[in-house]
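Please arrange chain B on chain A, whose structure you already have, making use of the hints.
Chain order of the listed sequences is A and B. Using the working numbering, you'd call the opening residue of the first sequence number 1 and step up by one each time. Using the working numbering, you'd call the opening residue of the second sequence number 1 and step up by one each time.
Keep in mind that the hints were calculated from the coordinates and are not lab data. It cannot be assumed that every hint is accurate.
Said to hold, decoys possible - Taking lysine-lysine and the BS3-like style, the derived pairs with C-alpha atoms no more than 30 Å apart in a straight line are:
#, chain 1, residue 1, chain 2, residue 2
1, B, Lys29, A, Lys171
2, B, Lys301, A, Lys66
3, B, Lys348, A, Lys168
4, A, Lys66, B, Lys289
5, A, Lys53, B, Lys301
6, B, Lys29, A, Lys116
7, B, Lys148, B, Lys99
8, A, Lys105, A, Lys171
9, A, Lys66, B, Lys348
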Amino acid sequence: RAMELPPGHFPAARAAAVAVEYLRYLRGGPGSGLRLRELQRARRQDIDDVGHKYYLELELEDVLDKDRTVSCTAEVLYHLGSTTSAPDVQLTVQGELRSTEEADKEFYNRIRSLEKELVAENIPDSHGNVPPELEPIHLLAWVASGYVIWQNSTENTKFHLAQVKHVKQVKRNDEDLQFDFVLLLHEMVSQEVLPWEVTLLWHPQRGARVPQSRAAGAGS
Amino acid sequence: LQLDFWLAPRRLGLPVDIRVPFRSLQAVKAHLEASGVSYSIMIEDVQALLDEEQTEMLRSSRQRSVDTTTFNYEAYHTIDEIYNFMDMLVAENPNLVSKLEIGRSTENRPLYVLKFSTGGTNRPAIWIDTGIHSREWVTQASGVWFAKKIVQDHANNEGVASILETMDIFLEIVTNPDGFAYTHTTNRMWRKTRSRHAGAICVGVDPNRNWDAGFGDAGASGNSCSETYHGPYPNSEPEVKSIVDFVKSHGNIKAFVSIHSYSQLLLYPYGYTETPAPDEQELHELSAKAVAALSSLYGTKFKYGSIITTIYRASGSTVDWTYNQGIKYSFTFELRDTGRYGFLLPAKQIVPTAQETWLALKVIMEHARDNIY
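Chain A with its partners taken away, still in its complex shape (with noise of 0.2 Å):
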């Protein structure tokens, strides 16, 4: 009842993208930025009344260890006819990443002894340049953006994190980090580059959250 889909046509490729966003914000963070290395295989299948589900088995890795990939297979359920609700997503990851734990405690106490809260712009700038500090905050925009990306994907968008125009941490009584970012997303089918303000906040241990996201430009 599945039908099979060519890896290297477009339907596939959007599904795999979703799948892999909903990942980033699952399990993201400073110190590892997933990113798909392969699509393997994807099927689709037509469910009347409900939408269009797609299975996929990926290949992933992170890119601040390239030598090492995991293998993840995805279900992929967009709803009939909805562009206001996200798509269902399903995740297996086999195997086990690199453990970002020493770096993610590194990046918390280093963020939470910092006297001025951290600002920042255009990551990365007009040349590609990350200043190293800063990659930390560029993966935690990942993690952002694919909330993002995942709430808001149709079969007819492809969206990723162009860049992060503007980011500012404020500081909280609790013992989450939280992050204000002004997310550029570029969508790969109307060729838009939109302007996103998302506040995300995130802990070592308990991951990320995204309280609140919109298509920037209403003011505060």
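Leaving out everything else, chain B in the frame of chain A:
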């Protein structure tokens, strides 16, 4: 007020981004507040950002090079630096390279094409363009590297030297100079031309939707504020018309390659229709060979196929038009990467990208040379 819209008004309910000159700030704020329009400040001081970028660019070997040997191929350059590079290349190799002006952009910048030829009259030719979408900076940078590479191969009698025995190569490095200048001065993410057409709210036309192949069909936008705005009519953009006129008057172009970034794809017609191109099988096999050659250098993986099956439906695109003109070997590349840096590819990846892409281009050029039609 001299307001500069970075995200222009499109329709009710969508945000608008405005760069406001300092002297107009109070007036704009007052107006917005009085009108009950909420706003937030995204960048407090644009000049500070630009100053910072200037410093950065000055820092990374901005000494104007005196020849193409000391030119820094591992950095991104301004339009003046690239135009200067072209003049140096011609001056150093007058028997091989000449510079043609094929037209002028909307803002009256010259549109230059480098011609590489060892002689003959109107030999069968290969066309390569980079930078048609201005924000795709790795493409213009690769174009500069290709130009130097052609000269080097010829001097060392290797690589494309054999192709140059019977064919000419035309290379347009800055195919969209107005857009390119704008990415340096104002908006790094600018894609389109900078034309203003009567009745259009926004600036610019997508030069890769402006060709006369399925013009205006699904796969382009009729909204001037869209990044895929096809323009008021085919070839409305001088950047496009000049190439159309060149191709038609040359009459002997056998391979046409238009280079974009990013996504790591090698694409052939069609984008505007699902009908397969008559030569699809040959183009598909040639793509496989080209992609294998590309991958052999650094392992960079490319996918390949027709535009409409591989990325999306796109009407009015360059290579659909060139193919329909009879240029069988019409290809579009999408270079590195697959989204990690996207348009903001680190400068240190310029040379590896150009090197691997060149291997694929050679496969296409050699095939065109060996399969006369």
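| Hint by hint, which ones does the structure fall short of? | When the structure is compared with the hints, none of them turns out to be violated.
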